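Student: Single-letter residue listing:
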Amino acid sequence: MTDLANIAVSAMSQTPTKPRRRVSLGSPIAWIGLAVLILSWIAAVNLLNIPSYILPKPEAVVRALWSGLAVSPASPLGYYLPLWSTLSNAAAGCAIGVGLGLVIGSLMAEVEAIERLVMPYAFALQSLPKVAIAPLIVIWFGFGDGSKIAISALLSFFPVLINSFTGLRAVEPERIDLMRSLSASRFETYRIVKLPNAAPFIFAGLDMAVVYALLGAIVAEFLGAQRGMGVVITQAQAVSDVAGVFAALVILGVLGIVLHGIVRWCEAKVVHWGANRKK
Amino acid sequence: MLMMDVETAPRRVAPDDVLIAIDQVSKTYVSASGAVVHALSRISLDIKPGEFVCVVGPSGCGKSTLLRLLAGLDSYSEGRLLLDGEKVAGPSRKVGVVFQAANLLPWMTVRDNVGLPLRVGGKHAPAGDRIERLLTVTGLGDFGDKFPYELSGGMQQRAGICRALARDPEILLMDEPFGALDALTRERLNLELQRIWQENRKTILLITHSISEAIFLADRVVVMSARPGRILADLHVPIPRPRTFDDIVLHPDYARLAKEVRGLLNAQEHGHD
Numbered sequence: 001m002t003d004l005a006n007i008a009v010s011a012m013s014q015t016p017t018k019p020r021r022r023v024s025l026g027s028p029i030a031w032i033g034l035a036v037l038i039l040s041w042i043a044a045v046n047l048l049n050i051p052s053y054i055l056p057k058p059e060a061v062v063r064a065l066w067s068g069l070a071v072s073p074a075s076p077l078g079y080y081l082p083l084w085s086t087l088s089n090a091a092a093g094c095a096i097g098v099g100l101g102l103v104i105g106s107l108m109a110e111v112e113a114i115e116r117l118v119m120p121y122a123f124a125l126q127s128l129p130k131v132a133i134a135p136l137i138v139i140w141f142g143f144g145d146g147s148k149i150a151i152s153a154l155l156s157f158f159p160v161l162i163n164s165f166t167g168l169r170a171v172e173p174e175r176i177d178l179m180r181s182l183s184a185s186r187f188e189t190y191r192i193v194k195l196p197n198a199a200p201f202i203f204a205g206l207d208m209a210v211v212y213a214l215l216g217a218i219v220a221e222f223l224g225a226q227r228g229m230g231v232v233i234t235q236a237q238a239v240s241d242v243a244g245v246f247a248a249l250v251i252l253g254v255l256g257i258v259l260h261g262i263v264r265w266c267e268a269k270v271v272h273w274g275a276n277r278k279k
Numbered sequence: 001m002l003m004m005d006v007e008t009a010p011r012r013v014a015p016d017d018v019l020i021a022i023d024q025v026s027k028t029y030v031s032a033s034g035a036v037v038h039a040l041s042r043i044s045l046d047i048k049p050g051e052f053v054c055v056v057g058p059s060g061c062g063k064s065t066l067l068r069l070l071a072g073l074d075s076y077s078e079g080r081l082l083l084d085g086e087k088v089a090g091p092s093r094k095v096g097v098v099f100q101a102a103n104l105l106p107w108m109t110v111r112d113n114v115g116l117p118l119r120v121g122g123k124h125a126p127a128g129d130r131i132e133r134l135l136t137v138t139g140l141g142d143f144g145d146k147f148p149y150e151l152s153g154g155m156q157q158r159a160g161i162c163r164a165l166a167r168d169p170e171i172l173l174m175d176e177p178f179g180a181l182d183a184l185t186r187e188r189l190n191l192e193l194q195r196i197w198q199e200n201r202k203t204i205l206l207i208t209h210s211i212s213e214a215i216f217l218a219d220r221v222v223v224m225s226a227r228p229g230r231i232l233a234d235l236h237v238p239i240p241r242p243r244t245f246d247d248i249v250l251h252p253d254y255a256r257l258a259k260e261v262r263g264l265l266n267a268q269e270h271g272h273d
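Sequence order for the protein chains is B and C.
The C-terminal position of the first sequence is numbered 279 in my numbering, with every residue numbered one higher than the one before it.
The C-terminal position of the second sequence is numbered 273 in my numbering, with every residue numbered one higher than the one before it.
Hints in this document: simulated from the structure, not taken from any laboratory.
None of the values given here were measured: they were computed from a predicted structure.
Idealized CB from N, CA, C, for every residue including glycine.
Treat the hints with caution; some may be incorrect.
Pairs of lysine to any residue, SDA-like flavour, derived with a Cα cap of 20 Å [what the hints assert, rightly or not]: (1) C:K87 to C:D74; (2) C:K94 to B:V271; (3) C:K123 to B:R186; (4) C:K259 to C:S210; (5) C:K123 to B:S183; (6) B:K269 to C:A35; (7) B:K269 to C:L118; (8) B:K269 to C:K259; (9) C:K87 to B:H272; (10) B:K269 to C:K202; (11) B:K57 to B:W41; (12) C:K87 to C:K146; (13) C:K123 to C:A89; (14) B:K269 to C:K146; (15) B:K269 to C:M108; (16) C:K87 to B:A236; (17) C:K123 to B:A268; (18) C:K146 to B:V270; (19) C:K48 to C:K259; (20) C:K123 to B:Y190; (21) C:K94 to B:A268; (22) B:K269 to C:D112; (23) C:K123 to B:E112; (24) B:K57 to B:A236; (25) C:K146 to B:K57; (26) C:K146 to B:S183; (27) B:K269 to C:P106; (28) C:K146 to B:A268; (29) C:K259 to C:I239; (30) C:K202 to C:L118; (31) C:K123 to B:T189.
Here are some, though not all, of the chain B residues that point toward chain C, as calculated from beta-carbon distances under 8 Å [to be verified]: (32) S72; (33) E112; (34) I114; (35) L136; (36) I139; (37) F143; (38) V171; (39) R175; (40) D177.
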């Protein structure tokens, strides 16, 4: 028994402990790139005399940002109310799209008849520019939150559908053999083997889905809405407040990065076996 | 009629009875490219309870196919396959399978991997401390909470063996279980497998392409031909146990058997060149 334990310990010590994947704040090069971009922006507007209705001065954008952020969260002039409206609609749409994508993707992967039934339509719809359907959805769902949620759901549905389908089919045959040898039920095989196996694929789809959901909500707001970041942008555009448009875009850009970071963080927590999974 | 029923009914086998009966089994399948492949040709083999049988043969001779048939993972074209008197019609709870390269699920701890057979497939027998005992006996006692990627290849395959033993099956089917390991780890695991087998006397059918591994482990070494797989020889290994690698190479029967098996396999290779 003792030599067994020794074998175990020596075998263990030979195994290099691989570092866990971490969510980083980006490489230094990315930050240098940002600095260069802002510096050349400052240089461009000051040296080339570009009019402010085409490219506003960075300080004007910062001022616009400040006036939108340094107010009470309940102020109608701040970013918080429109941001909340856009985000909550995008989140609701994303939840619906992701949920449906996962369920239908799973059914397609599990039942060949459903795959044959749904696949042609899925591909046809996928190749259609879905933003082009947005006016139709506004007719169906009206100018309220419904159309925002519906367009967000539509846009976030496809990446999750395709990725979960692909991931569930990409399972190693040996793992299916294992479950078959244990007389596991179909649902046990799905839950214990296929779904974890597909998790990295599903998270890649989710990563796209959150950004698409935000895009969907903004596009819907462009088409007509009382509130939201899309409204903030169109209102600023209406009075040629280019700095205001820029400020809203900066907010949306930062939001996109934050959402991406959240998805990556969740992925690192869930798919903790990380790069070693192919072993 | 009544006699027939008694004859064909599942029964507990007597110690000298046959546990695995392979009777004129053939396997033919159509490959992805449309070619008809004769994987196995009229294989007959009887294995007694508690026997340790190793099957050696050239690559692609259908020895893994034979194991998959016994595991109930594939269907056979002709013949009869009986486990404990019952016709094989799918995976059986009497059988534990050890796969090539461990085949652990990377998202589960070692303990959860080993206990997996007790959580799926219905009929959940209370595990008690069985999993912990299995882990301890195979030197994995301190590694239950680790994930597979934190273990060496040898440790992973120990866990694979533990998992196959979780339901306490009568039969252990092992498909080149140590093929991916380095020579030293392989010998250690051979020794350990011998010890596990001596302690609980499972019936083991182990597929390998290592002649030394086959002779070291087996009561009988079955040599298979190149495709379509046939049985060329069924050799008894009369070397006393427990065997060690140091002693066995000095045993006259070891040299005789190794020479015979190597001769049979070489004849196959040359026949195909």
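Student: Are the hints correct? Go through all of them and say.
Tutor: A quick look at each hint next to the structure:
1. Simply put, K87 (chain C) and D74 (chain C) have alpha-carbon atoms about 14 Å apart, close enough for the 20 Å limit, and the pair holds.
2. About 34 Å separates the Cα atoms of K94 (chain C) and V271 (chain B), which puts this hinted pair outside 20 Å; it is violated.
3. Distance restraint check for K123 (chain C) and R186 (chain B): the Cα-Cα separation of roughly 16 Å lies within the 20 Å cut-off, and the hinted pair is therefore satisfied.
4. Between K259 (chain C) and S210 (chain C), the direct Cα distance comes to roughly 13 Å. Compliance with the 20 Å bound is thereby established for this hinted pair.
5. Among the hinted pairs, K123 (chain C) with S183 (chain B) is consistent with the structure: their alpha-carbon atoms are about 10 Å apart, no more than 20 Å.
6. With a CA separation close to 47 Å, the supplied pair K269 (chain B) and A35 (chain C) exceeds the 20 Å bound.
7. Taking the CA atoms of K269 (chain B) and L118 (chain C), the gap is about 27 Å. The hint is violated against a cut of 20 Å.
8. Taking the CA atoms of K269 (chain B) and K259 (chain C), the gap is about 55 Å. The hint is violated against a cut of 20 Å.
9. The straight-line distance between the Cα atoms of K87 (chain C) and H272 (chain B) is roughly 43 Å, outside the 20 Å bound, and the hint therefore fails.
10. This hinted pair does not check out: K269 (chain B) and K202 (chain C) have alpha carbons roughly 41 Å apart, beyond 20 Å.
11. At roughly 8 Å between alpha-carbon atoms, K57 (chain B) and W41 (chain B) fall within 20 Å of each other, so this suggested pair holds.
12. For the hint pairing K87 (chain C) with K146 (chain C), the CA-to-CA distance comes to about 39 Å; that exceeds 20 Å, so the pair is violated.
13. About 19 Å separates the Cα atoms of K123 (chain C) and A89 (chain C), which keeps this hinted pair within 20 Å; it holds.
14. Note on K269 (chain B) and K146 (chain C): the hinted pairing holds, with a Cα-Cα distance of about 16 Å set against a maximum of 20 Å.
15. A C-alpha spacing of about 14 Å is found between K269 (chain B) and M108 (chain C), which places the hinted pair at or below 20 Å, so the restraint holds.
16. Between K87 (chain C) and A236 (chain B) the alpha-carbon distance is near 78 Å, which puts this suggested pair outside the 20 Å criterion.
17. Taking the CA atoms of K123 (chain C) and A268 (chain B), the gap is about 35 Å. The hint is violated against a cut of 20 Å.
18. Proximity of K146 (chain C) to V270 (chain B) is assessed by CA-CA distance (about 16 Å); at most 20 Å being required, the pair is judged to hold.
19. Using a Cα cut-off of 20 Å, the hinted pair K48 (chain C) and K259 (chain C) is violated, with the two alpha carbons roughly 26 Å apart.
20. Distance hint between K123 (chain C) and Y190 (chain B) is fulfilled; the C-alpha atoms sit about 19 Å from each other, no more than 20 Å.
21. A C-alpha spacing of about 39 Å is found between K94 (chain C) and A268 (chain B), which places the hinted pair above 20 Å, so the restraint is violated.
22. Among the hinted pairs, K269 (chain B) with D112 (chain C) is consistent with the structure: their alpha-carbon atoms are about 19 Å apart, no more than 20 Å.
23. Only pairs whose Cα atoms come within 20 Å are accepted, and K123 (chain C) paired with E112 (chain B) is rejected, the gap being roughly 29 Å.
24. In summary, the hint linking K57 (chain B) to A236 (chain B) is supported, as the alpha carbons are separated by about 16 Å, within the 20 Å threshold.
25. For the proposed pair K146 (chain C) and K57 (chain B), the alpha carbon gap of about 56 Å is over 20 Å, so the pair is violated.
26. Proposed proximity of K146 (chain C) and S183 (chain B) is contradicted: the alpha carbons are some 26 Å apart, above 20 Å.
27. For the suggested pair K269 (chain B) and P106 (chain C), the alpha carbons sit about 14 Å apart, so the restraint of at most 20 Å is met.
28. A distance of roughly 17 Å separates the Cα atoms of K146 (chain C) and A268 (chain B); the hinted pair therefore holds under the 20 Å criterion.
29. Under the criterion of a C-alpha separation no larger than 20 Å, the hint pairing K259 (chain C) with I239 (chain C) is consistent with the structure, at around 15 Å.
30. Proposed proximity of K202 (chain C) and L118 (chain C) is supported: the alpha carbons are some 19 Å apart, at most 20 Å.
31. Using a Cα cut-off of 20 Å, the hinted pair K123 (chain C) and T189 (chain B) holds, with the two alpha carbons roughly 16 Å apart.
32. Restraint check, S72 (chain B) versus chain C: the minimum CB separation of about 46 Å is more than 8 Å; hint violated.
33. Among the interface hints, the one on E112 (chain B) is violated; its C-beta lies about 18 Å from the nearest C-beta in chain C, farther than the 8 Å criterion.
34. Violation of the interface hint for I114 (chain B) is found here, the shortest Cβ-Cβ separation to chain C being roughly 24 Å, above the 8 Å cut-off.
35. Taking 8 Å as the C-beta cut-off, the interface hint given for L136 (chain B) is violated, the closest approach to chain C being about 42 Å.
36. The interface hint given for I139 (chain B) is violated, since its Cβ lies 45 Å from the closest Cβ of chain C, which is over the 8 Å cut-off.
37. Residue-level restraint check for F143 (chain B) is violated (minimum Cβ-Cβ distance to chain C is 45 Å; threshold 8 Å).
38. Interface restraint check for V171 (chain B): the shortest CB-CB distance to chain C comes to about 11 Å, outside 8 Å, so the restraint is violated.
39. Taken as an interface hint, R175 (chain B) checks out: its beta carbon lies about 7 Å from the nearest beta carbon of chain C, inside 8 Å.
40. A cut of 8 Å between beta carbons decides the hint on D177 (chain B): the least distance to chain C is about 6 Å, and the hint holds.
The structure fails to meet hints 2, 6, 7, 8, 9, 10, 12, 16, 17, 19, 21, 23, 25, 26, 32, 33, 34, 35, 36, 37, 38 from the earlier list, while all remaining hints are met.
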